[in-house]
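Number of protein chains: 2
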Amino acid sequence: MISKTVKNKLRAILGKENLLDEKEDLICYSYDATTFQFKPELVIFPKTPEQISEILKIANQEKIPVVPRGGGTGLSGGSIPILGGMALVLTRMNKILEIDQENLTALVEPGVITEEFKIIVEKLGLFYPPDPASMKMSTLGGNAAECAGGPHCLKYGVTRDYVLGLEVVLPTGEIIKIGSKVIKNVTGYDLTRLIIGSEGTLGVITKIILKLIPLPENFKTAIASFFTMEDAAKCVSKIIQARILPSTLEFMDHFSIKAVEEYSHLGLPQEAHALLLIEVDGEDTATKIQLNKIKEICKEENVIEFKSASTFEEREKIWEARRAVSPALGKISPLRLNEDVVVPRNKLTELIKETQSISKQYNLEIANFGHAGDGNLHLNILLKSRTPQVMKNAEEALNALYLKVIQMQGAISGEHGIGFLKSKYLSYALKEEQILLMKKIKTIFDPNNILNPGKIFVD
Amino acid sequence: MISKTVKNKLRAILGKENLLDEKEDLICYSYDATTFQFKPELVIFPKTPEQISEILKIANQEKIPVVPRGGGTGLSGGSIPILGGMALVLTRMNKILEIDQENLTALVEPGVITEEFKIIVEKLGLFYPPDPASMKMSTLGGNAAECAGGPHCLKYGVTRDYVLGLEVVLPTGEIIKIGSKVIKNVTGYDLTRLIIGSEGTLGVITKIILKLIPLPENFKTAIASFFTMEDAAKCVSKIIQARILPSTLEFMDHFSIKAVEEYSHLGLPQEAHALLLIEVDGEDTATKIQLNKIKEICKEENVIEFKSASTFEEREKIWEARRAVSPALGKISPLRLNEDVVVPRNKLTELIKETQSISKQYNLEIANFGHAGDGNLHLNILLKSRTPQVMKNAEEALNALYLKVIQMQGAISGEHGIGFLKSKYLSYALKEEQILLMKKIKTIFDPNNILNPGKIFVD
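Protein chains in written order, with numbering that gives the first Met the number 0: chain G, 0 to 458; chain P, 0 to 458.
Don't take each hint at face value.
Because identical chains share one entry, a pair is satisfied inside a single copy or across any pair of copies.
[What the hints assert, rightly or not] Keeping only pairs whose Cα atoms sit at most 27 Å apart, straight-line, the calculated BS3-like set for lysine-lysine is:
1. Lys94 with Lys430
2. Lys210 with Lys8
3. Lys56 with Lys439
4. Lys423 with Lys176
5. Lys287 with Lys122
6. Lys46 with Lys8
7. Lys430 with Lys206
8. Lys330 with Lys359
9. Lys56 with Lys438
10. Lys237 with Lys316
11. Lys430 with Lys56
12. Lys430 with Lys176
13. Lys233 with Lys122
14. Lys3 with Lys430
15. Lys233 with Lys210
16. Lys210 with Lys122
17. Lys176 with Lys403
18. Lys292 with Lys210
19. Lys94 with Lys46
20. Lys423 with Lys306
21. Lys294 with Lys122
22. Lys439 with Lys62
The set of hints was computed from the structure by calculation and includes no laboratory data.
All chains should be built: construct the whole structure from the sequences, respecting the hints.
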C-alpha cells in the first residue's frame with residue numbers, strides 16, 4: 000500500500016493533475032493489448048526526467064513497484080503492474096525535440112506516437128523504418144523498451160538499429176545519457192543496447208536519439224496467392240536467392256485468408272492456402288525490375304493470382320488485407336493468444352506444419368500469419384472458452400511450440416518481448432548461466448527490484 | 000609468473016605445438032598496431048571453445064591475466080598484454096563453418112580474416128559491409144570484440160549491426176550461446192551487443208553468427224578536390240540533404256593530400272585543401288543518377304576537379320589515394336598518434352579548425368583524414384621525436400581535442416575502442432555512474448579480473 004504521506008510527496012512533485020488514484024482511472028491503466036489485468040495503486044504522468052528521478056528515489060526508499068508505460072499496446076504484459084505500485088505513464092512527455100536534417104537524427108521524448116513521428120519525418124524526405132502493427136498508438140519509448148519490430152525489419156532492421164543514444168533515469172534516481180548523435184561510438188560497454196529491449200526493467204527512457212535514413216524514392220506492392228504453403232515458401236526462398244530483399248514480405252495461411260474475407264470482403268481467392276504480401280522499395284527503375292522478377296518467380300511456383308498495385312488506392316487495398324487479419328481473428332474469437340515465435344526463414348514451412356499438428360493434437364484452432372521474410376510467425380490460438388481444459392490444452396500447445404522453435408534455432412519472442420507471459424519459458428531459450436548473468440545485471444541497475452518487477456524473470 | 004605446473008597443464012590441454020614461451024615468440028605477440036609493447040609470459044593457440052574453457056578455469060583459479068588476440072591490428076592497445084599473462088591467440092580457429100544462402104547468415108570462427116570472408120561471400124552475390132582499414136589482416140572475432148567500423152558504415156552500419164549471435168566462453172569457463180540465426184529476437188537482455196565492443200574484457204568469442212545482405216548491383220566512385228575544407232563540407236551536407244546516402248564519403252586535408260602525392264605520385268591537385276572520395280552503390284540506373292547529382296553539387300561548391308571512375312582500374316586508383324594516407328603519413332613520421340574521434344557530421348569542419356588551432360598551440364604537425372560521412376576523424380599527430388616536451392605537448396593536445404569532441408556531442412572513439420590508450424579519458428565521455436555500472440558488469444562476468452585486465456577502465 001502506498002501511504003498517504005508518499006502520495007502527498009508525489010503530488011507535490013508532479014502537480015495534482017498528474018496523479019490519479021480513483022478506481023475508474025486505475026482500471027484504465029491495468030491493461031495492455033493482452034487479455035490480462037492487474038490494477039496499479041496509483042497512476043502518474045511525469046513531465047521531466049527530474050520528476051522521474053525524484054519519484055524513483057522515493058519508490059526505491061519505500062520499495063514501491065514502478066511500471067513504466069507508453070501506449071499500452073504491448074503483447075507480453077510488459078506494462079501491466081502485476082505487483083501493484085505505480086503505473087508511470089510517459090504519454091505526456093511527447094515532444095519531438097529536434098529533427099536534424101544535416102545529421103539525419105532526431106531527438107524525441109518517449110511518449111511520441113510512432114506513426115505520427117514517421118509521418119512527420121517522411122514529409123521531410125526522411126525515413127524511420129520500424130513499423131510495429133500498433134504504431135498508430137504505440138510510443139517510441141515503448142518501442143525502444145521492447146525493441147519493437149514490424150514488417151519493414153526484414154530489409155531495415157529493428158528498433159535497436161535506429162537508436163543512437165538514450166537519456167535514462169536509473170531505478171536509483173540517477174539520470175544518465177548514453178550513446179550520442181553519431182553512428183560510430185565505442186566508448187565502453189554498449190549500455191544503449193542493453194537498455195533497448197530490457198522491457199522497462201533497467202531504467203526509464205526519457206529521451207531517445209534516433210537515426211533516420213533517406214526516404215526510398217518509390218515502392219511497388221503486390222499480393223500473390225498460392226494453393227499450398229510450400230509454393231509460397233519456395234517463392235520466398237527464390238526471391239532471397241535472387242538477391243532481392245523486399246521491404247516487406249508478409250504472409251497469411253488459409254485460416255487467416257478466410258477470416259479476412261469474411262470480415263472485409265476484399266475478394267481474396269478462397270481456394271488459396273497461402274498469401275504473400277510483397278513490397279519492394281528504392282529507386283523507381285530498380286523497384287520495377289525487382290517486382291517483375293518477383294512476378295516471374297511466383298509464376299514458376301504456380302501462383303493462383305498475382306496482383307500488383309498501380310495506384311495508392313490499390314496499394315491501400317492490398318495492405319487492408321494484411322491489417323484486417325488481427326481484427327478478423329479477434330471477431331472469430333476475442334479470447335485469442337497472439338504468438339510471436341521466430342525461426343530462420345527457411346524453416347517457416349516446417350514450423351507451420353508443426354502448428355497444424357499441434358492444432359489437431361490439442362484440439363485448438365490456430366491461424367498463422369506474420370513476417371515470412373524474417374521467419375517471425377504471429378500464430379494465433381483462437382480459444383473457444385476459458386474452461387480449465389481449454390486453458391490446459393493451450394498451455395501445452397504453447398509449450399510444444401516453444402520447444403520446437405528452440406530446436407529449430409529460433410527464438411520464443413521476435414518482437415513482443417518476454418514480459419510476464421513468457422517468463423516461465425525463458426529457461427527454454429537460455430541456459431541457466433545466461434539467465435543468471437541477466438539477473439545480476441538487473442540487480443546492478445535496480446538493487447531493490449522496484450522497476451517493473453516480475454517481468455522477464457521468474458522469481 | 001606462470002608456474003611450470005600450470006604450463007604443463009596448459010600444454011596437456013593444447014598440445015605442445017600450440018603453446019609458445021620462447022623469448023622471440025613472446026616478442027612477436029607483444030605488439031599491436033600502436034607503438035606500444037608489453038610481453039606476455041606465454042602465447043597460446045587454442046582450437047576449440049572447450050580448450051578455452053579449460054584454460055580460463057585454470058587462469059581464473061591461478062589469477063593469471065588472459066588477453067584475447069586476433070590479427071593484432073588494433074589501434075588502442077586492446078590486445079596488448081599490459082599485465083603479462085597469456086596471449087590467447089585465436090588465429091587458428093579460422094574456419095567459415097557455414098554460409099546459409101537461404102537465411103543470409105554465416106557462422107564463422109573468430110580467426111577468419113575479414114577481407115577473405117568478404118571476398119568469399121561476394122562471390123555468392125552476398126555482402127558483409129564492415130570494412131575496417133586493417134581488413135586484410137584483421138579477424139572477424141577482433142572486429143566483433145572492438146565493434147569495428149570502416150568507410151561503408153555511413154550507409155551500412157557497424158559490425159554490431161551484422162552480428163546476430165555469438166558463442167562466448169566466459170572468464171569463469173562457462174560456454175554460452177547468445178542470440179540466434181534470426182534478425183528479430185527479444186529474449187531477455189541483449190547480451191550479444193554487450194559483448195560486441197567490450198574489447199575482450201567480458202568473454203572470449205568463439206563463434207559468430209553474421210547477417211549478410213544482397214551484394215549491391217553496381218557502384219560508382221568519384222574523387223573531388225576543393226580549395227577549402229568549407230566547400231567540401233558544404234558538399235557533404237548538400238549530398239545528405241539531397242537524400243543521397245553514399246556507401247562511402249571519405250576525406251583528406253591538405254597535409255594528407257601532399258603526403259599522399261609525395262608518397263605515391265597519383266597526380267592529386269596540390270592546390271587542394273580538401274579532397275572527397277565518394278562512392279554510391281545500388282541499382283545501376285540509381286547510382287548513375289546519384290553520381291550526376293553529386294557532381295552538380297560539387298560544381299556548385301567550386302570543385303577544382305571531379306573525376307569519376309569508369310573502369311575497375313580507375314576505381315582502384317581513386318581508392319589508392321585513400322589507402323595511401325596512412326603509409327604516407329607513417330613515412331613522414333613513424334612516431335605518429337593515430338586518432339579516432341567522432342562528431343556529428345555537420346560539425347566536422349569546426350572540429351578540423353580546432354585541430355588546426357591545437358596544432359599551432361602545441362607546435363605539432365597534424366594531418367586530418369577520415370570518414371566525412373559519419374564525422375569520424377582519423378587525425379594523425381606526427382611526432383618528430385619522443386622527447387618529454389614533445390610527449391607532454393601531444394598529451395595536452397589530445398586532452399584539448401577530447402574535451403572539444405565531448406562538447407560537440409561526439410565520442411572519443413568511433414572505431415578503435417578505449418583499450419588502454421584512452422582509458423584515462425573515459426571519464427571525459429561518461430559520467431561516474433555510467434563507468435560504475437560498466438565496472439559492475441565487468442565484475443559479474445569476470446569476478447577475478449583475469450580477462451584482458453587493465454583495459455577500458457583505469458583502476
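Going through the hints against the structure:
1. Taking identical chains as interchangeable, the C-alpha atoms of Lys94 and Lys430 lie at most 27 Å apart only when they sit on different chains, with a minimum of 26 Å there against 41 Å within one chain.
2. In this assembly of identical chains, Lys210 and Lys8 lie within 27 Å of each other by CA distance neither inside one copy nor across copies; the values are 38 Å within and 50 Å between.
3. With identical chains, the CA atoms of Lys56 and Lys439 are at most 27 Å apart both within one copy (21 Å) and between copies (21 Å).
4. In this assembly of identical chains, Lys423 and Lys176 lie within 27 Å of each other by CA distance solely across copies; the values are 20 Å between and 33 Å within a copy.
5. Taking the shortest alpha-carbon separations for Lys287 and Lys122, both the intra-copy value of 24 Å and the inter-copy value of 25 Å come in at or below 27 Å.
6. Taking the shortest Cα distances, Lys46 and Lys8 sit within 27 Å of each other inside one copy (16 Å), while across copies they are farther apart (61 Å).
7. Taking CA atoms no more than 27 Å apart as the test, Lys430 paired with Lys206 passes between copies only; the shortest distance there is 17 Å, against 33 Å inside one copy.
8. In this assembly of identical chains, the alpha carbons of Lys330 and Lys359 lie at most 27 Å apart only when taken from the same copy (22 Å versus 74 Å across copies).
9. Proximity of Lys56 to Lys438 under the C-alpha cut-off of 27 Å is found in both arrangements, the shortest distances being 21 Å within a copy and 23 Å between copies.
10. Taking CA atoms no more than 27 Å apart as the test, Lys237 paired with Lys316 passes inside one copy only; the shortest distance there is 26 Å, against 37 Å between copies.
11. Taking identical chains as interchangeable, the C-alpha atoms of Lys430 and Lys56 lie at most 27 Å apart only when they sit on different chains, with a minimum of 19 Å there against 34 Å within one chain.
12. Taking the shortest Cα distances, Lys430 and Lys176 sit within 27 Å of each other only across copies (8 Å), while inside one copy they are farther apart (32 Å).
13. Within a single copy, Lys233 and Lys122 get their C-alpha atoms only as close as 37 Å, which misses the 27 Å cut-off; across copies the closest is 23 Å, which meets it.
14. Taking the closest pair of Cα atoms, Lys3 and Lys430 never come within 27 Å of each other, the shortest separation being 44 Å inside a single copy and 35 Å across copies.
15. In this homomeric assembly, Lys233 and Lys210 come within 27 Å of each other (Cα to Cα) only across copies, at 21 Å, whereas the closest approach inside a single copy is 34 Å.
16. Taking the shortest Cα distances, Lys210 and Lys122 sit within 27 Å of each other inside one copy (16 Å), while across copies they are farther apart (31 Å).
17. Only between protomers do Lys176 and Lys403 lie at most 27 Å apart by alpha-carbon distance; the minimum there is 18 Å, versus 40 Å within a single protomer.
18. For the homomeric pair Lys292 and Lys210, the shortest alpha-carbon distance between copies (24 Å) is at most 27 Å, but the shortest distance inside one copy (32 Å) is not.
19. Taking the closest pair of Cα atoms, Lys94 and Lys46 come within 27 Å of each other only inside a single copy of the chain (10 Å); across copies the shortest separation is 53 Å, beyond that limit.
20. In the homo-oligomer, the alpha carbons of Lys423 and Lys306 never lie at most 27 Å apart, since the shortest distance is 44 Å inside one protomer and 61 Å across protomers.
21. Taking the closest pair of Cα atoms, Lys294 and Lys122 come within 27 Å of each other only across two copies (26 Å); inside a single copy the shortest separation is 31 Å, beyond that limit.
22. With identical chains, the CA atoms of Lys439 and Lys62 are at most 27 Å apart both within one copy (19 Å) and between copies (22 Å).
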